[in-house]
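*Asks:* In case you want the letters, here they are:
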Amino acid sequence: MVQMTYRDALKQALRDAMTEDDSVVVIGEEVGRYGGAYGVTKGLYEEFGAARMIDTPISEPAIIGAAVGAAMSGLRPVAELMYVDFIGMTMDQLGNQAAKIRYMFGGQIGVPMVLRTQGGTGRSAGAQHSQSLEAYVLHTPGLRLVMPATVSDAYHLLRQSLRQPDPVVFIEHKALYTLKEEVDLSAPPPAWGKAAVRRTGDDLVIVTYSRQVHHALKAAEELSKQGLEATVIDLRCLNPLDFDTVRQHVERVGRVMVVSEGVMTAGVGAELSARIHEECFDFLAEPVIRLCGEDIPISVSVDLEANSVPTSQAVQQVAARLLAERSAA
Amino acid sequence: MVQMTYRDALKQALRDAMTEDDSVVVIGEEVGRYGGAYGVTKGLYEEFGAARMIDTPISEPAIIGAAVGAAMSGLRPVAELMYVDFIGMTMDQLGNQAAKIRYMFGGQIGVPMVLRTQGGTGRSAGAQHSQSLEAYVLHTPGLRLVMPATVSDAYHLLRQSLRQPDPVVFIEHKALYTLKEEVDLSAPPPAWGKAAVRRTGDDLVIVTYSRQVHHALKAAEELSKQGLEATVIDLRCLNPLDFDTVRQHVERVGRVMVVSEGVMTAGVGAELSARIHEECFDFLAEPVIRLCGEDIPISVSVDLEANSVPTSQAVQQVAARLLAERSAA
Amino acid sequence: MTAPIETAVADRAARSNTELLPLYRQMRRVRTFEERVGELFVRGQSAGSMLHLSIGEEAAAVGVASLMQEGDTFTTHHRGHGIFLARGADPKRMMAEIGGKEEGYCRGKGGSMHIADMGLGHLGANAIVGGGIPAVVGAGLASKRAGKGAISVAFFGDGAMQQGILYESMNMAALWDLPVVFVCINNQYGMGTRIEQATKGRALHERGLAFGLNAETVDGLDVREVRAAATRVIDAARGGTPGFLAIECYRFYGHARMDKSPYRSAEDEEQGRAKDPVQFARAALIEMGEADSTHLDALDQEIAAEMDATIDFTIAASEPPLNSMFRDVYAPGEPEPEAVAARIDRILARE
Amino acid sequence: MTAPIETAVADRAARSNTELLPLYRQMRRVRTFEERVGELFVRGQSAGSMLHLSIGEEAAAVGVASLMQEGDTFTTHHRGHGIFLARGADPKRMMAEIGGKEEGYCRGKGGSMHIADMGLGHLGANAIVGGGIPAVVGAGLASKRAGKGAISVAFFGDGAMQQGILYESMNMAALWDLPVVFVCINNQYGMGTRIEQATKGRALHERGLAFGLNAETVDGLDVREVRAAATRVIDAARGGTPGFLAIECYRFYGHARMDKSPYRSAEDEEQGRAKDPVQFARAALIEMGEADSTHLDALDQEIAAEMDATIDFTIAASEPPLNSMFRDVYAPGEPEPEAVAARIDRILARE
Ligand SMILES: Cc1ncc(C[n+]2csc(CCOP(=O)(O)OP(=O)(O)O)c2C)c(N)n1
Ligand SMILES: Cc1ncc(C[n+]2csc(CCOP(=O)(O)OP(=O)(O)O)c2C)c(N)n1
Ligand SMILES: [Mg+2]
Ligand SMILES: [Mg+2]
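Residue numbers (this note's numbering), protein chains in the order written: chain B, 141 to 469; chain Y, 141 to 469; chain S, 1272 to 1622; chain E, 1272 to 1622.
In silico lysine-lysine, DSSO-like type, Cα no more than 27 Å apart, as pairs:
| hint | chain 1 | residue 1 | chain 2 | residue 2 |
| --- | --- | --- | --- | --- |
| 1 | E | Lys1471 | S | Lys1415 |
| 2 | E | Lys1415 | S | Lys1471 |
| 3 | B | Lys365 | B | Lys320 |
| 4 | S | Lys1546 | S | Lys1471 |
| 5 | Y | Lys314 | Y | Lys358 |
| 6 | Y | Lys182 | S | Lys1471 |
| 7 | Y | Lys182 | E | Lys1415 |
| 8 | E | Lys1419 | S | Lys1471 |
| 9 | Y | Lys182 | S | Lys1531 |
| 10 | S | Lys1471 | E | Lys1471 |
Residues of chain B placed beyond 12 Å of chain Y at every Cβ, according to the derived structure:
| hint | residue |
| --- | --- |
| 11 | Gly183 |
| 12 | Ala191 |
| 13 | Gln304 |
| 14 | Ala315 |
| 15 | Thr318 |
| 16 | Trp332 |
| 17 | Gly341 |
| 18 | Asp384 |
From chain S, some residues computed to sit far from chain B (all C-beta separations above 12 Å):
| hint | residue |
| --- | --- |
| 19 | Ser1320 |
| 20 | Glu1467 |
| 21 | Asp1490 |
| 22 | Ser1536 |
| 23 | Gln1542 |
| 24 | Lys1546 |
Hints listed in this document are in silico derivations from the structure and should not be mistaken for laboratory results. We put the beta carbon where it would ideally sit given N, CA and C, even for glycine.
Work out the full structure: start from the sequences and follow the hints.
*Replies:* Put into structure tokens, the structure is as follows:
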């Protein structure tokens, strides 16, 4: 076990993968000499050289497209999109090409690439640099989707993503890079796609992922002081989705909140809520409550930004109310 | 009242808007001389000339971007995207620019443009020309979303969209262009955003939009022969969404199916299902069933394509089973 | 992977730039194949009508593809039948794919606009204008690394000159000295739009030059000229100097099968079709005394018979099984999408 | 809309190409403003750290913006403070916006990278590299139609030369003879990447030429030269010949406030910063005898005082009210997004 930041765990995962597998190359803006906009790849250029840490022009569509071609040609590219907010200009290469090639070509070939990117609020970076756009990816068949919340998952899930035969979109959270935790780098990786139950309690299930896992855990600690015990499920992977774990806890507890930083409407929260209702209807005492990002763009103003997405306090308050109203009923 | 096709109703809406308002211009690939890939704009070039029916290069991102700039400069552009499948390369201009400009700029100005496009299956056009991608739009705050199912709505909702102060994505269905119905062009337009109840029955509510309205109505007729009566709600607009109409019927009937051609996961069906459960939980006898497109790309093979999305028979069968299981229960 | 006979013929021809007969043969095969695609549609056996015939573009397809070697890769646009055929495709499997059949290259999932074959280095046709272009940058990175002199070629139409992703890709190829070639088949039209209505009049290859590529434009009438220009560009690319080649030709028929080209005049069509690379090569062969018309007639008939068989093959081929629908979204053995019906069954059958 | 004094000064200068003093004044204002932005950050009063200073690019900003007239429109990239200020912006409202305050141009929602002002024709700064470029095509269509000689100018960095949308936009502008100008402020860097590491070495304006634009490159040291080149390009654009202007300068400081530019050498910085357009103009004024250093010192101090006040203004300004969060997603009076809290209240409070 070592102490390490989320940022360093990601770097270590890249380093180990690159050491182990010569076909792994990193391709993106400022990934090489600069070391990555958030410092994740710092040092790897020196270790692996310009041929494997490929600094690109500022051409997101062609970066993804080049990664697709590289992946079809025997390389295992990690394409980096500096902000998930830029995914809009790449959705053709990602959604019409990477995601569909195996299918359209009748299974002849796959596109084993990883798209690493980061999203979320927290830096007053404004409407075009603070979004959580994972729902676009989740709605695109053919793309796997991973969103690690912990340092250990940052390492292990990136390693695993780099072993997948299909394109994986791997979204980090900009507010987590400095998170420091214990991690066992040599531990066996979690089963691919398996959710993690971060906390178990009988009063409420909170289903979430990425940074909101930490908000949910903090909220759960507070609730516990009031005698209310929450189960917190960290999905980690959204595709494949480990619904069995969700089902098991929902059926046991019967009250559920889904928490996501992405905007509510037609977001990940909608999918989770719909599925839970569909599959666990008879076990639900109450409707599943979605606590998600507001259906608005993100402001630069510190206050407006902070209140545009679920805060730990909001998770706690809504959870408490959900439980209070119910015991009263 | 006149008999007219969906295609001609759209053309008439453009013609009337262009006649009435000199600032309306149409800008897109093959919209002028060619008359539109699906013939919608045929003849308008001759009527309005090249300065208002603007044929563009094959540059989707810049077409949308140009429309944004035009809309900010006093024109009222109708940008045409030949297939909604190409939206992937425009999502930056659409989602980061058009959708957010009013907000980012503190309400100084809006982007009154209409993005006309078409989607859906039915022509063996393959994975990149058959998609239903409205969920990307619905998940993007700042964009209105209209998807007409009838000839009358094709006319009236396009007229209305052209009066909106904010960007409207208007998605037609390629299988509806030859649909012929009665239409009253001079009727007062429906209230903006209001859903249409196409049929009323007490056993089941089917919430849907676009081509699936017709599948649902056909299924409802068949069900009616078995004594089962369905309400069919045609949402028409997804943003704004007329949830009140949905609520009213769901609370009355208690059994609901949501039908959508888009892929199921994180799609429009997910949002509708989540909201109905959230808001009408105590009235639901059963979970809301989503009948949506499969979570796969669309094949060129006629059979595979047809079975990748809900058919009228599928709507009928699922509805019948939903009702049968329930009366047995 | 053994190269089919056609490739072998083309490869031999590659060594002798003056040998026109094999090039003629390839061009005639493309022409006849495309005529059969038209028939397949008329007989209601094509899956849909999104069929884009490359008639008139045979010299472009053959002139370049005949220079490609094992290990080379390429992508094409939606009008790519001729290119793939010239590269050595099996016309039966191509036609079956166009008909949406299980025996097709992509098991009926891809169709005319999404044919691919890893065996021949075909990384895929594309229904997105410009969509297949950046892949050659990635393939070029891999080739450069492998260091075996393989190139990757992006074929596209004049319409793709209007897609930004082309310029991003050219910039990368030039910057990184990739063994990559961009081939623009300028058939003068993008659907109903003439090139002059889409681009301010300058030679297309000037754009390649401005991005630092080794770029030229060649007339697409005489396959020998195309081949000569392609040789220059491709040889340089194998040496690490990426290139751009614009080939000027004419789209003989409508954009797709339903399009009767009402937007262009009879004169325009007549003039355009007068530049027929297949007839031109035929006349040249006779003139040079390399073949007489009896010989060529026999060759043409042999090809006609071969291509006739593609339709029969397609009609006799099988529909892909319905459950193949859920296959190949992800790799075999990986978590799969659940069918909507199965999910609904499960929900309805609960308790 | 009455033009602020600064615009009037600049407008007068527009009539006399030799009048350097007002141009110097503008450049000094930009320089000092940007220095204050740096201070705002240090004092923890900027909203975030995504602040991109245009120090070193003053001649580019002032040389072009001083030629713009009422009715003209423009968009900028993320490093756009100087351009907007040169166009006549109120530095207080700019600074307040950078601080995320209600009194800012965009009421604290936009910040440094999303300043806009319809009054001055500023259609918006953009945090997406290349994102603001195509808007000028649409604005140009509107201007051309209105026929009043207004132009629309896209300002962007060398990094945007790598974005495909630029080429799509240039193609449209050329094709349609739009009154549009593309201005590339080449400060040699895109974040940590030198232009040579992103583009195969050819003059950037060659790309403009290849697309049929009236294109040139000018050195960004002497504002009079920039202005002369911009005059040529802008005058032609007013007449319907779209243009492209590359302005060569140097990014004096890091990419954003947190970046200390470890990727470039002290020599590189020293050389680059030696090309200081503000100092250059100052020296020229003294040399030409148009002003002495006492006069210029006084002017500089007057500007310093003006700009000092922007920080006080920003600190005293108010945070936008929390409920303004839901405002302006759509037009006033239109159906609005419901707040998550309100929705949850409704659900929990049912029965
Ligand atoms: C991104 C995109 N935009 C538009 C279309 C519709 N479309 C299909 S082919 C075509 C014309 C393409 O012209 P060109 O590239 O010259 O190829 P050609 O058909 O002439 O071979 C258009 C506009 C498309 N398939 N993809
Ligand atoms: C589409 C996009 N890609 C990447 C970024 C991240 N980014 C912000 S500024 C920048 C460098 C831009 O360089 P340049 O255009 O030369 O402008 P400069 O910063 O030098 O003024 C990058 C890569 C972005 N904001 N948008
Ligand atoms: Mg063409
Ligand atoms: Mg720069």
